[in-house]
Every structure is written in C-alpha cells, then in structure tokens.
Amino acid sequence: MTGNAVPTPLNSGAAEAAGPAARHRVGSDVPFFIYLGGVGGSYILLILLMLAADLTYTSPADFATALEKPEIQYSIRLTLISCTISALLAVLVATPLGYLLSRFAFRGRWLIDTIVDIPIVLPPLVIGLSLLILFNRTAVGIYAERRLEDYFGLRITFAEPAVVLAQFSVACAFAVQTMRVTFDQIDTRAEQVSLTLGCRRSQAFLHVTMPQAWRGIIAALTIAWARSLGEFGPILVFAGATRMKTEVLSTTVFLELSVGQLEAAVAVSLLMVLTAVGVLSVVRLVGTRVTA
Amino acid sequence: MIELDDVTLRSGPFVLANVSAVVPAGAYCVLMGETGRGKTTILEAICGLRPVAAGRILLDGTDVTRWKPAARNIGYVPQDLALFPTMTVREHLEFALRLRNATAATIRARVDELADVLDIGPLLGRRMQGLSGGESQRVALGRALSFRPRLLLLDEPLNALDESTRDRLCELLRTVHRTGDLTTLHITHNRAEAAQVAERLLILADGTLRQRPLGDLQLLDSATSTFSTAAARN
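For the record, the sequence lines run as chains A and B.
Mapping to the working numbering: the first sequence position 164 is 164, numbers consecutive.
Mapping to the working numbering: the second sequence position 133 is 133, numbers consecutive.
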C-alpha cells in the first residue's frame, strides 16, 4: 500500500505550502550513526584482528607448553607482584600530588605540572637509561644503592627493585593525571563548609574529599597497573632481562622472540592480554561496587 | 556580635572596598542588594573562607581577621548547601561534634534534638540523593547548628523553594534563632522572606553596606530584586 514513494498529502509540497506552517525537513540521523559506528568501529576491528592473528599463530598445546616452563611461571609471578606494588605506590604518591596540583595555586605550579608530564612524553627507553645513570653514575644514586644493600641486602640495578622502580616511574605520571582530574571534578564547596564546621585541612581532605574520590582512585590504580604491565624499555635497560630474576611478561615476549620461539612469544602475549582484561575487569567491578 | 571594620575584599577584578557594618548580638539581620555585588563574598569573609585585603572582622569583640575558619565557630549555610554526598543525614549532624571529640551520648542527644526541631527524624538514615529541596535545606541548617555556634550565616537559604515550604522554614529559622541565642545574618532577594524574619536590614548598594530601617523593604523592586535609587542613595 505504501510501498511506492507516492507523495501523500502530508509530505507533498502543495500540502506544505497550504499548511499553517511550512514543515522543517529534519533529515535522517542514520548517516551520523554510520559515521560514529564506522570510524569508531574500525579501531575496535583493528584490535580484534590483531588478537585473532595471534590466535591463528598459536594452539592450546603451545599455550600449555609455554605455561609449563619454570621461567615463564616465574615471569608471571614477578609481573603480577611488581605491577601491583608499582600501582599501589603510584596511587600513594599520585593522591597527594594530584590534590596539591588541583586545589592550590602556588608559584611554580606550571613547572611542577611540566615535570610530572615528562615521563609521559619521554620515550620509555630514555626513562630506563636515566634510571641506570642515576643509580650507577651519580653520587646520590650510588649512595642509595650502597645503603640499601648494607641495611636490607637489596640491590636495585639489574635486580627486582629495578623492575618496580622502572614501572613506577612511568605509571605514577599517569596516576597523577588521573588523580588531578578526579580532584578537579570534586566540588570544593563541601570541603570549605567542613572547614567552617571545625576541620583542619587534613580532616577535610580525609573525611569529605577522599570518600568522593573512590572512583578516581580505582581508575588511577587501573591505569597505573596497566601501564606497569606494558612497560618494557625501561625494564630492559635498568633491570636487565635475566631469566628467573628480572624477567617480566613483556621481557619474556622479547626473549622468546629473540631465540626464534615465535609460538611461545605469541602464547605469552595472549596470556598478557588475558591477565590485563582479567585484572581490569575485577578492578572495575570492585570500583563500581565501592562507589555504588 | 558581628563587626566589619573598614573591610576591603578582593577577588580577581572584583573589589569591595571599605565596608563597615555592625550586627548586634542576638539580632536577626537580613542582608539584601543586587546580584553580583558581593553579598556572598562578605559572608565568606566573615566565615574565614575568603582573605581580607584590609580592615578587621570582629566577632563578639574579638578580632578574628586572621583566624582559620575552624576556629571561628560560625554556623554557615551556603547558597549551594554543599552537603556531603557520601554521608547520611545523621552523619551530617554528627560531623562537627565528632571533630570536637564529643561523647557518644552528647552526640546522640544533640542529633535527636536537632532531628526533632528540624523535623528530619525519618530522614536520618538517608543519603543526600533524593532529598527534596526543603529537606536538604533543613539538613544543611542542622549541620550548621549542630555544634551550637553563636553566629549563624545563611546565604539565600530558602531559594528555589515553593511558597508554603518557604513560610514554614522562615518560621523554623525564627525559632532556631530565638532558642539558640544566635546572632543571625541572612542573605535574601525575597522581600516577603525578609519581612518575615528580619529585625534589622542591611543593604549593599553601589559598593556601600548601609543599615536601613525595616520600612525600606517596601522600596524593593520585587521584579528585579533591586532597590529604587532613592533607597540606596539616601
């Protein structure tokens, strides 16, 4: 009945002219949604294609063989532990720094802002090189390295603490950005009123602002953890790639690749994807529970 | 008693210079004037939330110009209420008392008393989300009164409320003022609200804060919330 595009009285020009007011032609929203979905979807497709390519290059058998290797098991353990320590440290440092940058206008704030962004813009390899020189070629670094060894029997360079320090150096910058935006978005008025109610600044921060910052803390933790997992260059330079000592999953991929074990490298890569997705999901879930 | 002695306030390009005024102890004073002329700035300066560029602020005869907000013991209800989104109504009422290390029994008694006076007993377990405008106002008022301050500063506390709620809250404010032995400074644009609560009237116009007789309320242009120039200049 309405299959053919026959002008009806409602949409015909004659009816429009005759009507009380000319009808405004709105046009379709479909092209816009095709654009949103098409352009946005192309990126999703790229990610999925990369993962699919990995999958075609490995098998459950490869996966099992890789997981059985004690080196890789060690690497998984060190990765989980080091990423968690550096993410926690990053949030511990980023919370006060983000608050300071968000709430207070002080002389030289622009300089602090710029310094905090340096680890984000620098090539990761340069961070590793800088850490290596700091702890091995400068008086302060050499002193710190010696003291730690004397008191705690801990070496930094080319040892496990170097892994954490390399991850932390980059992850913390991202956590600071997240925490700063978090505090920017929290209204300062409630904090001010709490001052009139008798709070010191620290009490206003702890009792009024921090409970509102949970979502941001979870986000900062997630970002810092994910950054740490992906860290490779600084770890390679500053911590080395010693099997059963400073090997994390990103190093494993590199080591397996360098000896031509492409299947193992791909299996470990997929393991990293699974770990990342798993941890991020758990953190997000906990985050929504906490803030719900 | 609140005394502003030749106070100058600066906030970016905004300057309010050489303001002087006195609100006697026990008075209920209404502060009126055009929007954007610095009424809120004056209130914030009295609370200690805004630095004073020059002059002195005295509370009950003591110079508090350089005191921290926490030390001034002023009950403050800001225009946006600024309730704590993560706390329940009860926690709002307990907040200032906990900071003062009050005993559990004292806190419970005070919360019950406030809940009764403000008629928010059934709301004590609720969070801020979902409270009506009038309920939120009463919670903010309860929070400000919880630690028994001598001074109460209200910044357009009854804005955006319907007329009957406003009338009830005006009555409540009068009761609270009388029974709490308070000195109250209340900013409003609403002539009827001012007439209902005010014992004294301060008008901020052309950068000058002047005390006016209550009769001047009649000269307020209710449509534009401004005073006729005759009232401001006289």
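One thing to keep in mind: the hints can contain errors.
Covered stretches of chain A, as calculated for chain B (at least 3 residues, CB under 8 Å) [stated by the list, open to error]:
#1 36-44
#2 205-217
Which chain B residues face chain A? A few, computed with CB under 10 Å, are given here [claimed, not checked]:
#3 T86
#4 R200
#5 L214
#6 L217
Just so you know, the hints here were simulated from the structure itself, not pulled from any lab data.
Built from N, CA and C at the ideal position, the CB exists for glycine as well.
Taking the hints in turn, this is what the structure says about them:
no., hint, in the structure
1, 36-44, "violated (count 0)"
2, 205-217, "holds (count 4)"
3, T86, "holds (4 Å)"
4, R200, "violated (23 Å)"
5, L214, "violated (29 Å)"
6, L217, "violated (29 Å)"
Violation of the numbered hints given earlier is confined to hints 1, 4, 5 and 6; the remaining hints are satisfied by the structure.
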